[in-house]
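**Q** One letter stands for each residue in the lines below.
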Amino acid sequence: MLANSSPLSPTDRDLADAVVAGAEDAFRDLYARHTPRVFQLIRRLAGGERADAEDILQDVWIQAVRALPHFRWEASFSTWLTGIAINQTRTWWRKKGARLFDSVEELPLVAREAPLGQRLDLESAISQLPDGRRAVLVLHDIEGLTHEEIADRLGVAVGTSKSQLFAARRTMRAHLDPDGARRGQTSGERRCDPCPKTT
Amino acid sequence: MRSVPEDNLNAQEKAAFAALPREVDPGHPTQDRIVRALKQRGLLDRPGSSRGALWWIRAAAAVLVLFGGGVAVGELHAERRAERRLALAREQDRREAAALVQRTGSEWVAAVAQLGQIPGRDSDQALQGREVAVSALLAAVTELHQVAPNDPFTTRLLEAMAAGRPDYAVRGIQPSARLIRY
Numbered sequence: 001m002l003a004n005s006s007p008l009s010p011t012d013r014d015l016a017d018a019v020v021a022g023a024e025d026a027f028r029d030l031y032a033r034h035t036p037r038v039f040q041l042i043r044r045l046a047g048g049e050r051a052d053a054e055d056i057l058q059d060v061w062i063q064a065v066r067a068l069p070h071f072r073w074e075a076s077f078s079t080w081l082t083g084i085a086i087n088q089t090r091t092w093w094r095k096k097g098a099r100l101f102d103s104v105e106e107l108p109l110v111a112r113e114a115p116l117g118q119r120l121d122l123e124s125a126i127s128q129l130p131d132g133r134r135a136v137l138v139l140h141d142i143e144g145l146t147h148e149e150i151a152d153r154l155g156v157a158v159g160t161s162k163s164q165l166f167a168a169r170r171t172m173r174a175h176l177d178p179d180g181a182r183r184g185q186t187s188g189e190r191r192c193d194p195c196p197k198t199t
Numbered sequence: 001m002r003s004v005p006e007d008n009l010n011a012q013e014k015a016a017f018a019a020l021p022r023e024v025d026p027g028h029p030t031q032d033r034i035v036r037a038l039k040q041r042g043l044l045d046r047p048g049s050s051r052g053a054l055w056w057i058r059a060a061a062a063v064l065v066l067f068g069g070g071v072a073v074g075e076l077h078a079e080r081r082a083e084r085r086l087a088l089a090r091e092q093d094r095r096e097a098a099a100l101v102q103r104t105g106s107e108w109v110a111a112v113a114q115l116g117q118i119p120g121r122d123s124d125q126a127l128q129g130r131e132v133a134v135s136a137l138l139a140a141v142t143e144l145h146q147v148a149p150n151d152p153f154t155t156r157l158l159e160a161m162a163a164g165r166p167d168y169a170v171r172g173i174q175p176s177a178r179l180i181r182y
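For the record, the sequence lines run as chains A and B.
Anchor point for the first sequence: position 32 equals 32 in our numbering, and the numbering is continuous, going up by one each time.
Anchor point for the second sequence: position 150 equals 150 in our numbering, and the numbering is continuous, going up by one each time.
Hints are not guaranteed to be accurate.
The list that follows gives simulated cross-link-like pairs (lysine to aspartate or glutamate, EDC-like), each with its CA atoms no further than 16 angstroms apart [to be verified]:
{"#": "1", "chain 1": "A", "residue 1": "LYS96", "chain 2": "A", "residue 2": "GLU49"}
{"#": "2", "chain 1": "B", "residue 1": "LYS39", "chain 2": "A", "residue 2": "GLU24"}
{"#": "3", "chain 1": "A", "residue 1": "LYS96", "chain 2": "A", "residue 2": "GLU148"}
{"#": "4", "chain 1": "B", "residue 1": "LYS39", "chain 2": "A", "residue 2": "ASP25"}
{"#": "5", "chain 1": "A", "residue 1": "LYS162", "chain 2": "A", "residue 2": "ASP121"}
{"#": "6", "chain 1": "A", "residue 1": "LYS96", "chain 2": "A", "residue 2": "ASP131"}
{"#": "7", "chain 1": "B", "residue 1": "LYS14", "chain 2": "A", "residue 2": "ASP121"}
{"#": "8", "chain 1": "A", "residue 1": "LYS95", "chain 2": "A", "residue 2": "ASP55"}
{"#": "9", "chain 1": "B", "residue 1": "LYS14", "chain 2": "A", "residue 2": "GLU143"}
{"#": "10", "chain 1": "B", "residue 1": "LYS14", "chain 2": "A", "residue 2": "ASP25"}
{"#": "11", "chain 1": "A", "residue 1": "LYS162", "chain 2": "A", "residue 2": "GLU148"}
{"#": "12", "chain 1": "A", "residue 1": "LYS162", "chain 2": "A", "residue 2": "ASP177"}
{"#": "13", "chain 1": "B", "residue 1": "LYS39", "chain 2": "A", "residue 2": "ASP59"}
{"#": "14", "chain 1": "A", "residue 1": "LYS95", "chain 2": "A", "residue 2": "ASP52"}
{"#": "15", "chain 1": "A", "residue 1": "LYS95", "chain 2": "A", "residue 2": "ASP59"}
{"#": "16", "chain 1": "A", "residue 1": "LYS95", "chain 2": "A", "residue 2": "ASP131"}
{"#": "17", "chain 1": "A", "residue 1": "LYS162", "chain 2": "A", "residue 2": "ASP152"}
{"#": "18", "chain 1": "A", "residue 1": "LYS96", "chain 2": "A", "residue 2": "ASP52"}
{"#": "19", "chain 1": "A", "residue 1": "LYS162", "chain 2": "B", "residue 2": "GLU159"}
These are calculated hints, taken from the structure and not from any lab test.
Since the model is a prediction, treat every value here as computed from it, not as a measurement.
Work the whole structure out from these sequences, hints included.
**A** Shown next, in the form of structure tokens:
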């Protein structure tokens, strides 16, 4: 990512200052630098729907441009924008009435969309996870956030993040290998190592 | 109370996650749509930004770089050109001076040789011609001595000529003043 490049290339801050002044070309440069990564994150969080992701992306940039004059540059622009993207996705979840973090036990191990004998690719498997599980898995396993950071960004307890990640990985494995998951369920095979302990 | 178990990804799963693309470009229409949305909300293209602040930042940076580069290149060129021109002028002066000496020297020798072909060697005109030739030779040797004062041959030549012309030293006439211009 080109946060800062050649001497003649403006920094994120140069661009942001120009955007605050209302410069369209500066916005387009800043957009081009950061949108591909943010859009991919939003699309994964939103379950892979392009139209939804585009709506969220628009809200992200509107909020970012509005908030730019108050950005203190204590974090990188990219980190700040990612935070806005996660917030806007949460808002989108709320608008569509999604119950983000269901109890892990309430959800089926094998997703209804995965037909018997059909292996899904990883991206599809992620997209078919329930919203909350998907969010934690994407932020933890793909974006590299810690459970503490995820809890802070999503407004949940650290334990919730951990349990959702556990469930997400289990469900995802079931998506990727439904036959194996079913075999494990029917034969009592333990697919997690170690499995959850109840204390 | 339940504790959450450890469920680490295995190497294959980690590799699969690492291989997932981190970026995807939503395309130009989405960018245009967002730019329009920002403009509709008055967040872009505000008065005073018609040229764009970024444009000015880039322009200022470019002007500085061009100016600095131009000055440096100009100084270098000017310095090299001046040195070259000076060297050429010096070289040309040296060549022209040497050519002038050769040409006038040949003319002088030819003129002296013509004196011998004038009928009546003791005539007033012949004596006057020889006097002029000797004076020119003396003046030339004197100038040559000034050019190369440490040259022993020129020094001895000048001393011998001055010894043969007592009036030269007695009168105190500066040799250069006796130069005969052709």
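**Q** Broken hints, numbered, in rising order?
**A** 3, 5, 10, 12, 19
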